[in-house]
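Colleague: So you can see what is in the structure, the chains are spelled out below.
Protein chains: 4
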Amino acid sequence: MFDSLHEECGVFGIFETKTTEVAHTVYHALYALQHRGQEACGIAVNDDGVFTHRKGNGLVPDVFSEERLRALGCGNMAIGHVRYSTTGGKDTGNIQPLVIRHIKGNLALAHNGNLVNADEIRKKVELSGGIFHGTSDTESIAYTIVANRLTSASTEEAVAKTMATIRGAYSCLVMTATKLIAFRDPNGFRPLCLGKTDRGAWCVCSESCALDTIGATFVRDLLPGEILVIEKEGVRSITTYCGKKEQTSLCVFEYIYFARPDSVIDGASVHRARIRAGEFLAKEHPVDADIVIGVPDSGLDAALGYARESGIPYGIGFIKNRYIGRSFIQPSQEQREDTVSIKLNVIRENIKGKRVVMIDDSIVRGTTCARIVKLLREAGAEEVHMRVSAPPFRHECYFGTDVDSGDHLIACRCNSVEEIAEEIGVDSLGYLSIENTHRLAENATVGFCDGCFTGRYPIAVPEEVSKSRFDEKLGHYADILD
Amino acid sequence: MFDSLHEECGVFGIFETKTTEVAHTVYHALYALQHRGQEACGIAVNDDGVFTHRKGNGLVPDVFSEERLRALGCGNMAIGHVRYSTTGGKDTGNIQPLVIRHIKGNLALAHNGNLVNADEIRKKVELSGGIFHGTSDTESIAYTIVANRLTSASTEEAVAKTMATIRGAYSCLVMTATKLIAFRDPNGFRPLCLGKTDRGAWCVCSESCALDTIGATFVRDLLPGEILVIEKEGVRSITTYCGKKEQTSLCVFEYIYFARPDSVIDGASVHRARIRAGEFLAKEHPVDADIVIGVPDSGLDAALGYARESGIPYGIGFIKNRYIGRSFIQPSQEQREDTVSIKLNVIRENIKGKRVVMIDDSIVRGTTCARIVKLLREAGAEEVHMRVSAPPFRHECYFGTDVDSGDHLIACRCNSVEEIAEEIGVDSLGYLSIENTHRLAENATVGFCDGCFTGRYPIAVPEEVSKSRFDEKLGHYADILD
Amino acid sequence: MFDSLHEECGVFGIFETKTTEVAHTVYHALYALQHRGQEACGIAVNDDGVFTHRKGNGLVPDVFSEERLRALGCGNMAIGHVRYSTTGGKDTGNIQPLVIRHIKGNLALAHNGNLVNADEIRKKVELSGGIFHGTSDTESIAYTIVANRLTSASTEEAVAKTMATIRGAYSCLVMTATKLIAFRDPNGFRPLCLGKTDRGAWCVCSESCALDTIGATFVRDLLPGEILVIEKEGVRSITTYCGKKEQTSLCVFEYIYFARPDSVIDGASVHRARIRAGEFLAKEHPVDADIVIGVPDSGLDAALGYARESGIPYGIGFIKNRYIGRSFIQPSQEQREDTVSIKLNVIRENIKGKRVVMIDDSIVRGTTCARIVKLLREAGAEEVHMRVSAPPFRHECYFGTDVDSGDHLIACRCNSVEEIAEEIGVDSLGYLSIENTHRLAENATVGFCDGCFTGRYPIAVPEEVSKSRFDEKLGHYADILD
Amino acid sequence: MFDSLHEECGVFGIFETKTTEVAHTVYHALYALQHRGQEACGIAVNDDGVFTHRKGNGLVPDVFSEERLRALGCGNMAIGHVRYSTTGGKDTGNIQPLVIRHIKGNLALAHNGNLVNADEIRKKVELSGGIFHGTSDTESIAYTIVANRLTSASTEEAVAKTMATIRGAYSCLVMTATKLIAFRDPNGFRPLCLGKTDRGAWCVCSESCALDTIGATFVRDLLPGEILVIEKEGVRSITTYCGKKEQTSLCVFEYIYFARPDSVIDGASVHRARIRAGEFLAKEHPVDADIVIGVPDSGLDAALGYARESGIPYGIGFIKNRYIGRSFIQPSQEQREDTVSIKLNVIRENIKGKRVVMIDDSIVRGTTCARIVKLLREAGAEEVHMRVSAPPFRHECYFGTDVDSGDHLIACRCNSVEEIAEEIGVDSLGYLSIENTHRLAENATVGFCDGCFTGRYPIAVPEEVSKSRFDEKLGHYADILD
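Protein chains in written order, with numbering that gives the first Met the number 0: chain A, 0 to 481; chain B, 0 to 481; chain C, 0 to 481; chain D, 0 to 481.
None of these hints come from the bench; they were simulated from the model.
Since we're looking at a predicted model, the values are computed, not measured.
A partial selection of chain C residues facing chain D, derived with a Cβ cut-off under 10 Å:
hint, residue
1, Ala31
2, His34
3, Pro60
4, Arg307
5, Ile315
6, Arg321
7, Pro330
8, Val345
For glycine and all other residues, C-beta sits at the position ideal for the given N, C-alpha and C.
Bound conformation, chain A alone:
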């Protein structure tokens, strides 16, 4: 569903062999990771210990002009971040990379994921006099690293100690005066991989597509739990926290929706996983129809898979406005046009008088979906059979995805698949089964988290809202009054 689910972040870091226009490379890599966060972005450059950075709200090409990139200067290291914010909103204090000074000097941090014990850590830091500039959990990670650094011989040792404290989803980059350190939580909730350029620079990023874009070669994924230290002498790996595959739980939605199809994550092609989703759907929910179409962009691959498996011809049902991807002015009440029809248009020729199988990656609230189905009906579809390349969303995600919750979710609001089908106006509806969801990423080197579908989370999640919970607006805890 093209506007209902949001990944929170993408990260990229590079360690060059010499001082160079490193900000430009980060810019192009972030451009490739833009789909992971369209709300804000930032780049921090390290020129032999001297840090410069720029951050702002907006898409990568909106925040960075040639002039601004040049103003960042050259350097031998840099990290960048693209962000979608959840609550806490557009607070500029939350834009990353977080660039701070501590007792050992400058440090920059970029984080993709979400901690489950961030409030706990935050409160503990605040009770000992700590100050927070934003409301995100990234500052909690920074404080933990900085505190551990005081009793550690190196930043990587501090990071290792930090991993014993923080819990949840985190794929992080830490840049110090001399090192670029990447680390991934033991569950491996979010992807992170290593690449290398022709000229010998090391890169770490959320998805392999960023490597392709800048002409780097994919080396390998970081293991869940791994700490990677990149320094002048080369790359070192610390695997203390790495466990067995059964203990890992990559977010399966990375394959279904978040990642770019041209990325390969933890051993499995995203594109191939989506094709398989379609194939499974064809087996699970066959139907007699004339054409299989996908909702652009993320439903297209699964539609191809469904078509192949079912033998029903694959066709193009919708054209998506190519210039979407940046904000446009919403239609007002006075106007007839609506947001969906500005983004999508039906190819009438392919739909009129046809029995249509329409594939999408998910249904969240159901309203956009109902609108899209209506477009097909208006274009003359005889029947509309919807197939969804994921199980129904029923539970909150605590690991970095912004899913609606409770009654906002159509799958919570309705009592049965039939009721959902009726609400969105389709003749039949079929979801991918949990079993096949786990089989999407063939040969993947990791296990998967399916908490948003099953409510069974791989690690303990925070209790229901407690008195102690942090209030982002007032900036304090319910049980502490001024």
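For chain A, the structure is supplied; the task is to place chains B, C and D on it using the hints.
Modeller: Just chains B, C and D, lined up with the frame of chain A:
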């Protein structure tokens, strides 16, 4: 080929039944026509004879903010324009709509196309004391209308007289205090169609996709040579200049590349025409292969057609960065990444070890194409067979398309298709035949111009550069010195 | 009065001996002329016949960044313009320099002043098929030059013919491929002077302060009626239209308010003229008081003169916010602060318990003036005696000053000076006499226009609004309907 | 000297009686305090505990548009800050107000001044795991308050404890969910005063001119050492740290240069102090001359005082471009114009053939001064006698003024006043004596700091650069390596 050919313009006009937020509707319509021109755009609003307008370089959402749209005010009529400029460049004097005052008051003009006798008209106007603010041919049309208006009872009469003078491609909108007039050249080089909204407003636009976007219903195409007068009393048609179908010559490249696939032009679906291109190619140039892929976005439909006809499976070969469509900072010499790899990435999984049929809509210079083929080779393609859904470009277009000319064109530079194949690095290469090009748009109500392929133009084109030719930079003619 | 009267324009042109960063020099000169127009500005650069230009709404440093200046490129000639618009408003079509193409090539025009027969010329041009992009009289001048150019051997000859047609106030610069031509109306309503730089470049500008700013030396004022032709071979003067001093009529308000005090205009120092205004006022309207203060900035010099002549000590009454000069957000109804107190603050120490003589250059509507007097009263002034360094405004200006008219003018609304004094709340009020107004500019080489005070204009002014008058909003004439 | 000395900050806070457009009032107040810092500014709004804020580089009207002010929302409290940065530069992490969250919720802090033990505090905080986002001392103050808050019953108690730790110059505003707290260091280095609006809102600000601007009434100065607590119940004062007048030491340069002349600080009018400076100079350094002029803007008052005392006529020597105050493009090497002549122009009429006394407030490096003297010589001055309304700068300021140091200072570089006179090209030169400097602010309720003239500082200043000193670029201490 995603960055080598440029349509020059898209137009949209609306005549409301009452004063309303008309600029917002134009905004959304231009958004839908953005593919026809990404360099500049403008909107002119008519509030009972009082005109306001705003124009600027950039994409529609860059030039217009909510605040700026509001500043245009409400009105009962408006026209808008998106533009790609050819020579004359980013001169702000060329951005449309052209808004002027003449003896009868305010007048706004939006034009898609290119005149072959613009220089001649311009010179004549200048010889009688005329002043030009820009270098485009749109001012020549305006002057001709204005001059004819002096001896005419109405603007539509002046337009009719104008059509006897101007020659070439023109799909135009003229807005006066009380009327919206649309007219299309007798050849019908560029598309233009009429629609109507639920609330009774009439719309005229370059492509039907703009009607869908704003929730209007397609009524019909304007006939080549037709003048349509929209006023309070309704719509009137003047068909003096309309001839037989054989005399019409819509640019066939509208179907192959320019138009959005969800548009229907002169009776034929653009998407369907592209599917047919692929089918024809499969028949004309069959090959034994494992997968058929398209170069996004305009090669995808033809690839589907080729796959269907040939029986070779259709697959996804490339992912295009969704955020392309606005300018981004080009990589510098120092960097490894190149523009093509920032825009396109291969899905290795689908290519490795495969014999690939790659479909694109055209080859212009050949350099981008060669780079794309190289991406496939690097991804492990065993064989690459290229099929092009158009004949080779060999001749200049005088009717509104910016094609390179002479030795820039690979088809002029090379002596044979084999030589081209070698230059771009493919195992085989096949172009669509001229015959089938004419059969793409099944049931079309018009004939086609194929001048860029054949050098046979439907109307006389300007001679080779003469002494009298207008010099855009110096603003005068070679034979007139100050 | 610091915000009620508006000069319409300032011009600057330069003819270099070689290609250089000429736009930068124009930028700094316009910066010095910014007081003559804060609404819009523009620069046109001529590089051997190829023209580039940029124009925009806003102050010089807002419209031009370093990047934008560079984009204009180098050249050997350039002209610039700062503008305050009267009716017709912020229509971007009116921003100057006007850059056009005519039969002889590129031409740029910058104009300070106002024609009295612009509508007449416009109508005539329109009746022969002419097109106007804006609503200002500058296009009328351009059309006249261009028309005359067709029958002239040179542009200067065309300019000479043009001066026989256009009537009113005009200090103009015309830039062609090879020449910079300056001309001033025979009355000399607006100033224009010639300067030269060390490196041999010729400059023409509205005020000598622009010459000082760029390090050029003042050469001489242009004579009323003079045409100056600057070309590679040097400077030539055409004096056909130059008459006797008695026939000239420079706007006396240039000395009183418009010009910068450091400028010397037509032989007289502006600063000195203002000092004399104060001296005359002290003689005409003596009063017993403790301190003489001026309303910043233009009342300060006259206050000094009054103090010197009267023997009453000169003091500082108000501090003006130094950062005024660019737009700031106006206070809303909800807030207590008002626009005057944001701009001006009283030095209480100098006012409390004092009998104050307050000098300002003029009173237009009277409301701002009353507010300023109130500030003095609130600060504890015992008496406030206002002296105005000009006679009362009672009549419209047709020559380039935007004065309010009719009942907006306090001097029209009130029956006597006493009544005005009461309305603005002062203990006494004295205006400069007409006689002394003519004696302000000692040794000036020209005579003066005092039309706004006396209603006696040096040339015939347009009749009362006739049916034929041009309607700026509808873009046509009352007697011509579409 | 108009561009060599920089005050670091201005602060403004308001506590309204109800929710209102409080950001607009802060905007106008900051506009009035703009002279205290032109590099960056910010506003933080408190709506019943929920904080919003916006900060940016640039002047107040550049950072805040109507839209951005509105986006800050309404509130019942707000604080604002204008800033000039010293080293640490334009780091956006240093722009104030500092808005943070700590264990008790949101807190905003605005600070004018400079601590002498900031590095010490910073290091201590960092050694216990603290994180800094910027390099300014404001974060050190925040950390101290926050740490003390943990062991205090209220924020004011925490502030009181903080004042026992921090040393140096600080006039601060702290905003919590429910309180606005103002405090001034015991020396009273920087001004701070209290005002009240008609509608009962309390204001605290750096200078009284901000009160006048927003229509508030001056109530009183804060005592050096005073803590003022503004809350719903009213205003409370804590005077624990207030000492005797002899122990106080307001920066005397506030009177000489920094403050606006219309402000009254600690019982003395700034304008009056400057007039007295001129009077003292006339007595200390009499000279036979024809005219006394001041260098705008801050030399003008003293020139008036000199003229009055000496009997030599006061005149206007220079016109300052009114539009200076915002950045403009610097002239390049290729151009003749220089920065000084863009800002200042001589009124030749007043200078030619005259013996001139020129008054300025200070001489720092001497280069700008020499350039100004040269302007007078070029305008024909016979003699130039410079009088400076301050003693020579010879020592660093540790309390919030950015003076150059060491050999950059002409008074350090030269061995005598005569040598300085020769270097800047004047016929005679006289500085104000230390004794009279202390007598400028007649009836002031405080004593003065003259450390920059005498090297005798009222409190101990940091030792020479030690190993432990904080390196702003590397973000750490010389003795601590990673």
